[in-house]
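S.K.: Residue numbers (our numbering), protein chains in the order written: chain A, 1 to 274; chain B, 1 to 416.
Treat the hints as calculated values from the structure; they're not laboratory data.
Each hint should be verified, as a subset may be incorrect.
What the hints assert, rightly or not - Going by beta-carbon spacing under 7 angstroms, a handful of chain A positions derived as facing chain B:
hint : residue
1    : 79
2    : 97
3    : 98
Unchecked claim - Taking lysine-lysine pairs in the DSSO-like style, the calculated list, with each CA pair at most 27 angstroms apart, reads:
hint : chain 1 : residue 1 : chain 2 : residue 2
4    : A       : 104       : B       : 401
5    : B       : 207       : A       : 168
6    : B       : 52        : A       : 168
7    : A       : 153       : B       : 319
8    : B       : 401       : A       : 168
9    : A       : 168       : B       : 280
Claimed, not checked - On the chain A side, residues computed to face chain B include the following (Cβ under 10 angstroms):
hint : residue
10   : 92
11   : 95
12   : 99
13   : 100
14   : 176
15   : 195
16   : 197
17   : 198
The C-beta atom is built at its ideal place from N, Cα and C for all residues, glycine as well.
Chain by chain, the residues run as shown.
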Amino acid sequence: MLQPRILAPLRALERAFAPSIRSSQSLYQPQSLISRTLSANLAIPKTTPTPSLSRTLLPFSQVRYASHASQGTANRHSRDPAGKRLGAKRSGGEYVVPGCIIFKQRGSKWFPGENCAMGRDHTIYATQAGYVRYYLDPERHTERRYIGVVFEKEGTLPVPRNAPSRRKLNMVSVPRLVPVAQQSDMVASIDENGVQVGSVAAVDAESGPQLRPGYMYREANWVIGRAAEKAGVFAESYDRGNRWLAWRKRQARAERAAQMKSLKGKKKAGKKAK
Amino acid sequence: MAHCERASKPLLQCLRKSYARGLPGMQLQVRGFQSTASVPDAQSEPSQPFHKSPDPSLVTSPRLERRLMRQGTTPIGSRRRRAALQSPGSLPFEQLPYQCFQEARKVLLGDRSAKLEEIESMRQKISRLEAQPIEAGGENSRKSRLTAMQLHLEELKVLADINDPLVKRKFEDGLGDMSKPIYRFLADRKWREYRRKILVQRITQMKVIPDVLAHCEPILDTKLYFGKRQVSPGDYVLAKDSTTAPKLDIQMFERGEKLVTIAVIDPDVPNVETDGFDFKMHYFAVNVPISAVATKVDLSQLSTDSQVVLPWAAPVAQKGSPYHRLSLFIMEQKDNQPLDFAAVKAKETERENVLLRTLQARYHLKAIGAHLFRSQWDETTQEVMKEIGYKDAEFELRRKKVEPLPYKRRNPSSFR
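Let the sequences and hints guide you as you build the complete structure.
M.R.: Okay, here's the thing in structure tokens:
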């Protein structure tokens, strides 16, 4: 098929030749340049000589009617996956709080600037409450586009390179709590409100198996972990100078390797025999 | 014996020789090669056995090495090299029987003598120019010419010695004399290869540079010690360790002496009222002389009536507060002129909210060296707080709860 795309330059070519053709119209049969060059491939019905060039081109323009197009393309859905909902979630100047997602993207099309950070899928999110700014920072990087958060509504980014960074404490002063020495553990309880997961002090946890998340009556993980200690079983601490032990270990490893190697050889031999 | 061993035997012997003895060969060498006069070594025969006072350049047994290290001296070079040096040999370095070596030495010696001639002629040129009467209006051009010539002279001094293998060895053994330009040059190059890069990275990545000062181009190698422990730039230091002022080892790579101002400033003092951070000056001393040979500066030993403006204040970080960056800056005083100590002392009495930028502008200082350590809440902080009478010792900082955006609220009244 002749694509309309190919037609465009040809048409331009024809336009360039048009005046000369027109002037010589009376002299010879005014056949279109295109139709002449392409007549070998396409069987065009020979039109009667017409003065207008556009009318000679008319048979090449294709029309696809609505009823035809609405039938759709075969396998379109396999080629055209669902959209991933990427793009800006907050525009410039909008108020955001820490953790608020500002931009979702594939790859780092945008980089995190002031008071922003990048997630593991390159999502830009705010680390401070403030107003979103999209900006370029040529002093920092000539190519990169940044997304930042400023504290004031009228604040601007980027800040000059040698200006002290603007920060907020975002903290409150409270009386210091003395840390509880006892170890706590997770337990579950079932009542009319459903399953409640809470923590109990270590003293209770040690008293025996309790109902734990997942409807299990068992001891706490850390109690299980101390079973050996309770039973008085201790692992020997590693001694660098104990060459006798090192030699035995090395020997065992070498033996094991030799065993595996011999097995490997047998397997191969078996295969070959087959 | 393998060929290579046979070939390298004289070289090893020579090394042994030049090291183990009172160095007759080396002295000959020094006369031939080095520009500066050599000082004859004082012949002090050690009467003690080797294991009582091990020589750091010869010790090979791990036990003796450990003992030396405990005393504070590190053994020189590799153990293999030290072992090779132990048994005495016979041949001096410059008489090694390799033709190629001898030819190469000739080339190097020729180059060196050419450089020495150049140095002499350059010195004469400089003195001639200095003796000339100043023409009207030619002051600036003469000054710039003189500076260029001085620079060239310094460069020539380095070039004269840079190919000397003994200079290289001395420098690598850490025995280089910093009063000589060649060793200063080598030390500077070594510092710039790694340590300076680390320092610059730490002070820029931890944002000390825009937060405390706008610019700093370090030209001094600064080491910081709390007690015996060396703190690399940006390390965390326990509150108990930093109750006393640190010791500094400031290595200058230029000739002459400089008067510097030393300031330790913390830009991370939390301020709950203003919801921001304040500055605090932990130490401030002026008129501290440093030079390439006198490198040790103990901040607690500086004179209180002519140098220390604000004595050391122990840094503590409140529990929950973000880490404190205690940045140390060494700043050159203008034209090496001493500041008026009494006036500075009278003016700088406040520790809180002193900006180093202000001081820099006020006293015309220029930052030439920097260091950084961090402090955070640790198990020793509470004691230190009690000692220094910290007022918020019983309080900790918690994150302020962020009010969520309206539509994100779990259970707004409009839902019911």
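S.K.: Each hint needs a verdict: does it hold in this structure or not?
M.R.: Against the structure, the hints come out as follows:
1. Because the closest C-beta pair between residue 79 of chain A and chain B is about 37 angstroms apart, greater than 7 angstroms, the hint is violated.
2. Because the closest C-beta pair between residue 97 of chain A and chain B is about 5 angstroms apart, less than 7 angstroms, the hint holds.
3. Taking 7 angstroms as the C-beta cut-off, the interface hint given for residue 98 of chain A holds, the closest approach to chain B being about 5 angstroms.
4. Distance restraint check for residue 104 of chain A and residue 401 of chain B: the Cα-Cα separation of roughly 26 angstroms lies within the 27 angstroms cut-off, and the hinted pair is therefore satisfied.
5. The hinted pair formed by residue 207 of chain B and residue 168 of chain A meets the criterion: a straight-line CA distance of about 15 angstroms does not exceed 27 angstroms.
6. Taking the CA atoms of residue 52 of chain B and residue 168 of chain A, the gap is about 61 angstroms. The hint is violated against a cut of 27 angstroms.
7. Between residue 153 of chain A and residue 319 of chain B the alpha-carbon distance is near 32 angstroms, which puts this suggested pair outside the 27 angstroms criterion.
8. Using a Cα cut-off of 27 angstroms, the hinted pair residue 401 of chain B and residue 168 of chain A holds, with the two alpha carbons roughly 14 angstroms apart.
9. A threshold of 27 angstroms between alpha carbons decides the hint, and for residue 168 of chain A with residue 280 of chain B the separation of about 17 angstroms falls inside it, so the pair holds.
10. A cut of 10 angstroms between beta carbons decides the hint on residue 92 of chain A: the least distance to chain B is about 17 angstroms, and the hint is violated.
11. Taking 10 angstroms as the C-beta cut-off, the interface hint given for residue 95 of chain A holds, the closest approach to chain B being about 7 angstroms.
12. Satisfaction of the interface hint for residue 99 of chain A is found here, the shortest Cβ-Cβ separation to chain B being roughly 8 angstroms, below the 10 angstroms cut-off.
13. At its closest, the beta carbon of residue 100 of chain A sits 7 angstroms from a beta carbon of chain B; the interface hint therefore holds under the 10 angstroms criterion.
14. Taken as an interface hint, residue 176 of chain A checks out: its beta carbon lies about 4 angstroms from the nearest beta carbon of chain B, inside 10 angstroms.
15. The criterion of a C-beta within 10 angstroms of any C-beta in chain B is not met by residue 195 of chain A, whose closest approach is roughly 20 angstroms, and the hint is violated.
16. The restraint placing residue 197 of chain A at the interface with chain B is violated, with a minimum CB-CB distance near 19 angstroms, outside the 10 angstroms limit.
17. The interface hint given for residue 198 of chain A is violated, since its Cβ lies 20 angstroms from the closest Cβ of chain B, which is over the 10 angstroms cut-off.
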